[in-house]
Amino acid sequence: MSDMPAAARPVRRRVITEEIAEEPPRATAYVCEAASCLSLQSHDITVRLGEVVADAGLGDVEIKRVGCLGLCAAGPLVEIAETGRLFEKVTPDAVGPVVAALADVKQTDVRAPQGPFFEKQLRVATENFGRVDPESLDDYVERGGFEALRRVLSDMTSTEVREEVTRSGLRGRGGAGFPTGLKWTTVAKAQGTQKYVICNADEGDPGAFMDRSVLESDPYRVLEGMTIAAFAVHATEGYIYCRAEYPLAVARLRSAIRQAQRAGYLGSGIMDTSFAFDVQIRLGAGAFVCGEETALIASIEGRRGTPRPRPPYPAVSGLFECPTLINNVETFASVPTILRKGPDWYAAIGVGKSKGTKVFALAGRVVNTGLVEVPMGMTLREIIFDIGGGIIDGRPFKAVQTGGPSGGCIPADHLDTPVTYESLVELGSFMGSGGMIVMDDTSCMVDVAKYFMDFCRDESCGKCTPCRVGTTQMWMLLDRITTGRATGGDLAQLEHLAAIVQRTSLCGLGQGAPNPVFSTLRYFRDEYLAHIEERRCPAGVCTIEQPAEVMA
Amino acid sequence: MPIRYARPSAPSDDKRWKIVETRMRRLGDRPYALIEALHAAQEAFGYLDDDALHFVGDTLGVPHSRVYGVATFYSFFTLKPQGEHTCVVCTGTACYINGAKEILAGLERSLGVTPKETTADGKVSLLTARCLGACSLAPAVIVDGDVQGKVRAADLVARLEAM
Amino acid sequence: MSVYTLTIDGKDVAGSDGQTIMEVAEENGIDIPGLCHLEGIHDRGACRLCVVEIAGSPKLAAACVTQIAEGMEVTAHSDALLEYRRTITEMLFMERNHVCAVCVANNHCELQDTAEDMGLTHFDLPRISPKADIDASHPLFAIDHNRCILCLRCVRVCDEIEGAHTWDVMHRGLDTRVQTDMGIPWGESPTCTSCGKCVQVCPTGALFEKGRAVARGSKRRRPFLPWMKVVAEERGL
Amino acid sequence: MSMPDGAAPRPRVATVWLDGCSGCHMSLIDLDERLLEIFERADLVYGPLVDVKEFPEDVDVCLVEGAVSSEEDLHRIRMVRERTKMLVAFGDCAVTSNVPGMRNPIGVQPLMDRAYIENVTLAPQVPTRGIPPLLPTSQPVHKFVDVDVFLPGCPPHADLIYTMLDDLLSGRVPDAAGARFGR
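Protein chains in written order, with this note's numbering: chain D, 1 to 552; chain V, 1 to 163; chain B, 1 to 237; chain L, 1 to 183.
Certain hints may be false.
Claimed, not checked - Quick look at which bits of chain L chain B covers, simulated, 3 or more residues with Cβ under 8 Å:
1) 55–61
2) 140–150
Stated by the list, open to error - Example chain D residues on the side facing chain B (calculated, C-beta under 10 Å, incomplete):
3) Thr306
4) Pro311
5) Val316
6) Lys341
7) Pro375
8) Gly377
9) Thr379
10) Arg381
11) Glu459
12) Ser460
13) Cys467
14) Val469
15) Thr472
16) Leu477
17) Thr504
Stated by the list, open to error - Straight-line C-alpha distance at most 30 Å; calculated BS3-like pairs for lysine-lysine:
18) V:Lys116 to D:Lys120
19) D:Lys106 to D:Lys89
20) D:Lys89 to V:Lys150
21) V:Lys116 to V:Lys150
22) D:Lys353 to B:Lys59
23) B:Lys131 to L:Lys143
24) L:Lys53 to L:Lys143
None of these hints come from the bench; they were simulated from the model. Ideal placement from N, C-alpha and C gives every residue a C-beta, glycine not left out.
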């Protein structure tokens, strides 16, 4: 894994030719160079388009590398900025139609509606996606970047900043939904001269790629959000803890930090004020548990990433035992927009206690896999069927898994539930960081529960007994069920064990590990019973052994 | 305070140790630089051998047992040299429900190794990843650093066998 | 130093600022089980046997690491807590190959005692029993990983009291093992001072003195290292 | 079970010895004179201590020593369960599989090879004739049949055995106070 994927090597080459950079181009093609499209050689498309456009003598056309255009399923994607026309599955050898469309762009053109996938979304944290060059500070500034920071540093006190964040109703986008304003206030009021801001970019949930996309598509926004937070809580040093599995995100972050430092957006005397704040990157090393805040801190401190009991909370005693603010990528990415457009604007979006928007990664057996941002309170049906385009091959929808290994599977009956922190918990699932895995009738729910349990037992740090031993025992019981060796007693034992692991584990990993079992038992108990009593797998996924002596 | 030892010298005059030394020095040679230092050593040498672990531990004043504890805790670190080629199969949820299990089984059969192992001829190392974040491309694998999306088991096996 | 009053299992008790629930309970004759806890070394809240309920908190707290507060209402014993503790004890038995009958610590074992206290008479949970090694390379001592419950008292006493930091943990999850230096055989460790503290603090028969027959109970409990507490206090731990 | 009155037949007690060392039965004998008291209140109808070939029907209490390790053990424990009202897992081997279970991680074949081939110099061979085949793993009794009372200990102390039998014969549910794994 030490090799950096080719797709992830930093792209240093600017394709825009110098002479046309002076005046605004007549037409612009956005080429998606986020990880998904890049792995389908979209960089070659950028290069090829540049060559073809130059050959065709189109001097007033710009070919621009941008971050994620969202509809990853149809990549590589190219969009004509002026008309909004989207080209899907483009190859470097067939860029002709794109060039023709660029040549046709007229001054009077307006962006046409792009269909429900785009129109039903509301972009806040991802507002610059597919618009800015993720490696260009100028581009970010041009689109309103660092305006919020300027306002904060020149016109506001730290108390006012915290009040605005509190008023916006923003809650932590990493999973549990702790009110962001309250967390900031706790850190600001904590005793201590040295304080830290940490951005949690250890996006470990399988099936979630929101944070990766934000870092790859709009890294400056995260830096701006962190700087604002640092001002609000009186911190001078920041860390971004990013997964090593995301080399492109790391490369773009490094480049963004360097450029921001040079331009005076990071370092001492930020934007000609006396405020100082700097950011360093720390790489994760393949441990899911490091998404837990105390484990993450241990990892930054160079130790084994094992969580410790709280209290004390990191807000009081965190990194190097100093007060520490930890928020996730999406939370920080939402902050600049909130402070630019005002907290009331943000609080008006969403429903109940879940304000604003949420980014989801749609994946699994859904047509439009990709990254979407929607107002809180949109129903699962709208997200999966209107935006997601329904199930592949028109198969029947069976369940959607949210919240990763601590989450649950929600069946078709509840598709009309508005998505909020509270409603998902009520359904036995969890908001989590925003992964949404759609499943059809080819998935066996017991097998899915076993998959997540396998994940948890593998990622358990081994510190506390219930998680270390209990997750393995639950996996063994699930394995018995899926191989047709189980009895009704095993099912009762599974439920008993799940309850105890949930209640007694030290950290969120163990406490959340039984959730996939609970939720599949709640909605798909008949599938469990079919495996146990009839020794068959309704979805045809599990290999059931012939009825034989039950040995153990 | 940990006892400060005399700064140890690099295990050999291999230039790559300079990279590791620089990365540690930039963080003040403090114990908290341990994971960064291990990253640097693994980037430089491809894996972490005893020399690297000793050198990093001694430079940062971290007990050897702790260095080893950290190096074995994180799945990204490897203490064995990798094969000529690497194939990383994503086992994230989206890949799982789209057939990652079959791909892995196919590779295990044809290469005769289980994940985290290298074939006897040292050609291919088979690895798994928790989630590459390439869920739209599920099932995804990384072959020698290149992400491949919507992989079919047979094609992949054929490609690896040709290597 | 301020004094707090609180209740544990309905009993009015008092303790000073910074004390843990475990300490205050102990001073007041209330027994809370715990296998990773050992007076004189840092607590880590890992075995989860000491979990207690605190009124107003939805989550359980580990008594060994939770500091008391004014007016706290602690439930240290209830049917539910007993059930949790019994199951956790059972998990520890099922994790590795604990065979009391042939263990050097038979009748001198805190895990065995805990099982008796919990009224644990048999095991229902699946047995995991991974293949675990025995390292007998040290001239005086040996470690049988089959009997290790990962309380990490050995790691902490070696670091905090002896200052050798010979012991640490390796791998994670179910594969977690205590290890010496770079995972090398104990007998080859250049840092081990052979002080034997790790053997003394081990709650089970995992760490033991060599050269005694099983039935002779070489894990005889000695008076419990009273100086450890003194050292810890001097060092402000 | 009810306390027998004068006219009613006395409770029928049996003991069974599966894969164990007989230590639990030794501990039973350690009841000494209390044995006389117990068997004034009950009849010992089957077990290594009495000369009866067939496990009888209608047994009220059966103490099972030893783990279930062979097909023969499995056959017997099922038969015992069918004919017994109160089944007691008697001692650590019956309760946890204990020492017999230590072979489980090794596997049957390597175990046999080690015992009968590798360390034997004269005509090494695995005995098969008249010997019931081993199960893949040695398991505690309750993995195969329901157990009513667990009495751990290696062996359980005579006092505990007495208390348990006294409870059972008096119609009380025995509690596990004082019982512990190992000695």
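Hint-by-hint comparison with the structure:
1. Residue count for the segment 55–61 of chain L with a Cβ under 8 Å from a Cβ of chain B: 0. That is fewer than the three needed, and the coverage hint is violated.
2. Residue count for the segment 140–150 of chain L with a Cβ under 8 Å from a Cβ of chain B: 4. That meets the three needed, and the coverage hint holds.
3. A cut of 10 Å between beta carbons decides the hint on threonine 306 of chain D: the least distance to chain B is about 8 Å, and the hint holds.
4. Because the beta carbon of proline 311 of chain D sits about 8 Å from the nearest beta carbon in chain B, less than 10 Å, this interface hint is met.
5. For the restraint placing valine 316 of chain D at the interface with chain B, the shortest Cβ-Cβ distance is roughly 12 Å, beyond the 10 Å limit, so the hint is violated.
6. At about 36 Å, the closest approach between the beta carbon of lysine 341 of chain D and any beta carbon in chain B exceeds 10 Å, and the interface hint on this residue is violated.
7. Below 10 Å, beta-carbon pairs count as interface contacts, and proline 375 of chain D has none with chain B, the closest being about 29 Å; its hint is therefore violated.
8. Interface restraint check: glycine 377 of chain D against chain B, minimum CB-CB distance 26 Å, threshold 10 Å, status violated.
9. Among the interface hints, the one on threonine 379 of chain D is violated; its C-beta lies about 29 Å from the nearest C-beta in chain B, farther than the 10 Å criterion.
10. Interface hint status for arginine 381 of chain D: violated, as the beta-carbon distance to the closest one in chain B is roughly 32 Å, over 10 Å.
11. The interface hint given for glutamate 459 of chain D holds, since its Cβ lies 7 Å from the closest Cβ of chain B, which is under the 10 Å cut-off.
12. This hint holds: serine 460 of chain D has a C-beta 4 Å from the nearest C-beta of chain B, less than the 10 Å allowed.
13. For cysteine 467 of chain D, the interface hint holds, since its Cβ comes within 10 Å of a Cβ in chain B; the closest pair sits about 9 Å apart.
14. Using the Cβ-Cβ criterion of 10 Å, the hint placing valine 469 of chain D at the interface with chain B is satisfied: the shortest such distance is roughly 4 Å.
15. A distance limit of 10 Å between C-beta atoms decides the matter here; for threonine 472 of chain D the minimum to chain B is near 5 Å, and the interface restraint holds.
16. At a threshold of 10 Å, the smallest CB-CB gap from leucine 477 of chain D to chain B is about 6 Å, leaving the interface hint in force.
17. The restraint placing threonine 504 of chain D at the interface with chain B holds, with a minimum CB-CB distance near 5 Å, inside the 10 Å limit.
18. Our distance criterion of 30 Å between C-alpha atoms is broken by lysine 116 of chain V and lysine 120 of chain D, whose separation comes to about 43 Å.
19. The hinted pair formed by lysine 106 of chain D and lysine 89 of chain D meets the criterion: a straight-line CA distance of about 25 Å does not exceed 30 Å.
20. Between lysine 89 of chain D and lysine 150 of chain V the alpha-carbon distance is near 14 Å, which keeps this suggested pair within the 30 Å criterion.
21. This hinted pair checks out: lysine 116 of chain V and lysine 150 of chain V have alpha carbons roughly 22 Å apart, not beyond 30 Å.
22. Restraint check for lysine 353 of chain D and lysine 59 of chain B: the C-alpha separation of about 22 Å stays at or below 30 Å, so the hint holds.
23. At most 30 Å may separate the alpha-carbon atoms for a hinted pair to count; lysine 131 of chain B and lysine 143 of chain L meet this at roughly 22 Å.
24. For the proposed pair lysine 53 of chain L and lysine 143 of chain L, the alpha carbon gap of about 26 Å is at most 30 Å, so the pair holds.
Violated hints, in rising order: 1, 5, 6, 7, 8, 9, 10 and 18; the structure is consistent with all others.
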